[in-house]
Amino acid sequence: GAGVSQSPSNKVTEKGKDVELRCDPISGHTALYWYRQSLGQGLEFLIYFQGNSAPDKSGLPSDRFSAERTGGSVSTLTIQRTQQEDSAVYLCASSRPPGYGYTFGSGTRLTVV
Amino acid sequence: RKEVEQDPGPFNVPEGATVAFNCTYSNSASQSFFWYRQDCRKEPKLLMSVYSSGNEDGRFTAQLNRASQYISLLIRDSKLSDSATYLCVVGGDTGNMLTFGGGTRLMVKP
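Top to bottom, those sequences are chains F and Y. Going by the working numbering, 76 is the number at position 76 of the first sequence; the sequence numbering is gapless. Going by the working numbering, 90 is the number at position 90 of the second sequence; the sequence numbering is gapless.
For reference, chain Y alone in the conformation it holds in the complex (with noise of 0.2 Å):
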């Protein structure tokens, strides 16, 4: 079983649509959960980091559940420009080392 594992799509969805993407991870002492973007031929970027509360940044809400070790990201009203591939990030209990999953890749259609 692979440390980080998500649905590699790709989901096709239409503007303004809701989406989410799930993520699972195997090791129950993780102290750390980011999502990240990475566009086609760049570099992954930071879009949040998940907090056990849950939390929300405009369009993107990011949450976690420790019990089931499993990390979500919903998008609201979806725009061409959130075409990406989604990566689900964990940090091992040592807080540092992160671990990549393979990546959701999403695609916005007119």
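Okay, chain F solo, but in the shape it has when bound (with noise of 0.2 Å):
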């Protein structure tokens, strides 16, 4: 597609119970990230994945977050027994390498009650 697409656009979730966000990127783009963004907060760094190369999982915040990316295309990020401080908005960005900017998705709001 011409953007990066995101799904769902909102998720509310009961606390304890696993989510699944997807992203699409711009197809050719061979790097894709995760970023969450708390309300009135900065960007925090998630995810990286480039190519076939091993994914950069510093910034994952615990053990309960998990993503993969697939034929080197659409990502998947799992948040394992959520919990309310993972309330925020999930962005993916892509973008061709290096040196280029990203793209990024329209995120998905997740709401944990």
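Hints listed in this document are in silico derivations from the structure and should not be mistaken for laboratory results. Since we're looking at a predicted model, the values are computed, not measured. No incorrect hints appear here.
Simulated pairs of lysine-lysine, PhoX-like, Cα-Cα distance not exceeding 25 Å:
| # | chain 1 | residue 1 | chain 2 | residue 2 |
| --- | --- | --- | --- | --- |
| 1 | Y | K2 | F | K57 |
| 2 | Y | K109 | Y | K45 |
| 3 | Y | K45 | F | K57 |
Have a look at the derived ranges for each label pair, beta carbon to beta carbon:
| # | chain 1 | residue 1 | chain 2 | residue 2 | range |
| --- | --- | --- | --- | --- | --- |
| 4 | F | S62 | Y | G16 | 42 to 50 Å |
| 5 | F | S66 | Y | D77 | 42 to 50 Å |
| 6 | Y | R41 | F | G51 | 28 to 36 Å |
| 7 | F | S38 | Y | A17 | 29 to 37 Å |
| 8 | Y | K42 | F | S27 | 22 to 30 Å |
| 9 | Y | S26 | F | E44 | 12 to 20 Å |
| 10 | Y | R41 | F | S58 | 24 to 32 Å |
| 11 | F | R22 | Y | K42 | 13 to 21 Å |
| 12 | F | T70 | Y | R59 | 36 to 44 Å |
| 13 | F | S58 | Y | K79 | 34 to 42 Å |
Here are some chain F residues pointing at chain Y (derived, C-beta under 8 Å):
| # | residue |
| --- | --- |
| 14 | G42 |
| 15 | L43 |
| 16 | Y48 |
| 17 | L91 |
| 18 | G101 |
| 19 | Y102 |
| 20 | F104 |
| 21 | G105 |
| 22 | S106 |
| 23 | G107 |
We treat Cβ as the ideally placed atom computed from N, Cα and C, and that holds for glycine.
Got two chains here, separate frames each, mind docking them using the hints?
What follows is the structure, given as structure tokens:
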């Protein structure tokens, strides 16, 4: 597609449930990133995929968070046993390498109740 | 020290004013530099890349000072629609991984 697509756009879940967030990057973009942003806060890096290289998982806040990228395209971010502090907007971005700017998706707003 | 630092603001300016934001970065090996704009409750969008020689896009001028490790964004003739948060973004020596500053909030008033 023309842009980065994320789904769902909004997700409300009960504390303790697992959630999956999906990102479909721009075709041909080999780099894919996940960030999250809490209300009024800056972007928090979560994980980065580049081609077939091992992902940079250094930003994942706990072992409840995991992500995969299948076939170098679509990525899924999974949060297990969600907590209220996980509530945030989860943003996916993709880019061509190297040194190009990112294009962001419109995000998934996750609310844990 | 944060890798990319910005004054969070807010900068409150009247329409038509000229406003400038600075951003400092800590990694001297950084290779790529950008300004992003983020509107309230929206995703960040690329405003402009920043080149060593400086570059201009309409009312917006970006400059890079490698020696002092800072980037600037100048907005001339501010419009109400310029009200947003401006994010300074720096790419590391590997080029691909970008680090975002916390953003500077601009509010343009009538």
